[in-house]
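> Here's the letter readout for the chains.
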Amino acid sequence: QKEVEQDPGPLSVPEGAIVSLNCTYSNSAFQYFMWYRQYSRKGPELLMYTYSSGNKEDGRFTAQVDKSSKYISLFIRDSQPSDSATYLCAMSANAGGTSYGKLTFGQGTILTVHP
Amino acid sequence: DAGVTQSPTHLIKTRGQHVTLRCSPISGHKSVSWYQQVLGQGPQFIFQYYEKEERGRGNFPDRFSARQFPNYSSELNVNALLLGDSALYLCASSTRGQGQETQYFGPGTRLLVL
Chain A
1 QKEVEQDPGP
11 LSVPEGAIVS
21 LNCTYSNSAF
31 QYFMWYRQYS
41 RKGPELLMYT
51 YSSGNKEDGR
61 FTAQVDKSSK
71 YISLFIRDSQ
81 PSDSATYLCA
91 MSANAGGTSY
101 GKLTFGQGTI
111 LTVHP
Chain B
1 DAGVTQSPTH
11 LIKTRGQHVT
21 LRCSPISGHK
31 SVSWYQQVLG
41 QGPQFIFQYY
51 EKEERGRGNF
61 PDRFSARQFP
71 NYSSELNVNA
81 LLLGDSALYL
91 CASSTRGQGQ
101 ETQYFGPGTR
111 LLVL
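Protein sequences appear in the order of chains A and B.
Just so we're aligned, residue 1 is where the first sequence starts under my numbering, counting upward by one.
Just so we're aligned, residue 1 is where the second sequence starts under my numbering, counting upward by one.
Please keep in mind that the hints were generated in silico from the structure rather than gathered at the bench.
All clues given are correct.
Derived pair list, reagent style DSS-like, types lysine-lysine, alpha-carbon separation capped at 27 Å:
1. A:K42 x B:K30
2. B:K52 x B:K30
3. A:K42 x A:K56
4. A:K42 x B:K13
5. A:K2 x A:K42
6. A:K2 x A:K67
Small disclaimer: the values here were computed from a predicted structure and weren't measured.
Between the sequences and the hints, there should be enough to build the whole structure, so can you do that?
Below, the structure written as structure tokens:
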């Protein structure tokens, strides 16, 4: 079983739709949760970063973390064609001791927003 | 400010050859991590370096090695290339490489092994 499972998609939605992207994880040591956006043939770009259960909003994007269920989500409101990309969830464990900032990624969800 | 830079952008090699990939972190960042991203998958952790010391290693064979230089730039070396090494190799930098820090990724080096 992979430490991080991401709904693989692909997702195809009309412009203006609300998009929901999800990941589950099995490692209780994960404390920091990120969503990256990756355009074709580019490196991942950080979209959202959270470290506590609950919601965090930034413009059209909302990140949700439920540590009790080991489940994270990213919501995109009023989706635009420019949102078409691969979305990657990523997680890391606490610092200290022999821990280090290794990111564990989901497999990514390809999103297409059509006009 | 310049972001993370990587070179070369593309590379074609044949099986059995050796390859060296290079990364320059964001100014002020002392930690560099390397990831391998196979087509259709999320990035997989290969190495992390901080202050020129290896701090962590993922589940990759000894054919993979890396080092970090006094200016915090880094090289990833892969020996005896296999077809399965074809992937996008990503470099990420952060201040100290701690779990709570944001890691910033470069554009990657796309390696094709024939």
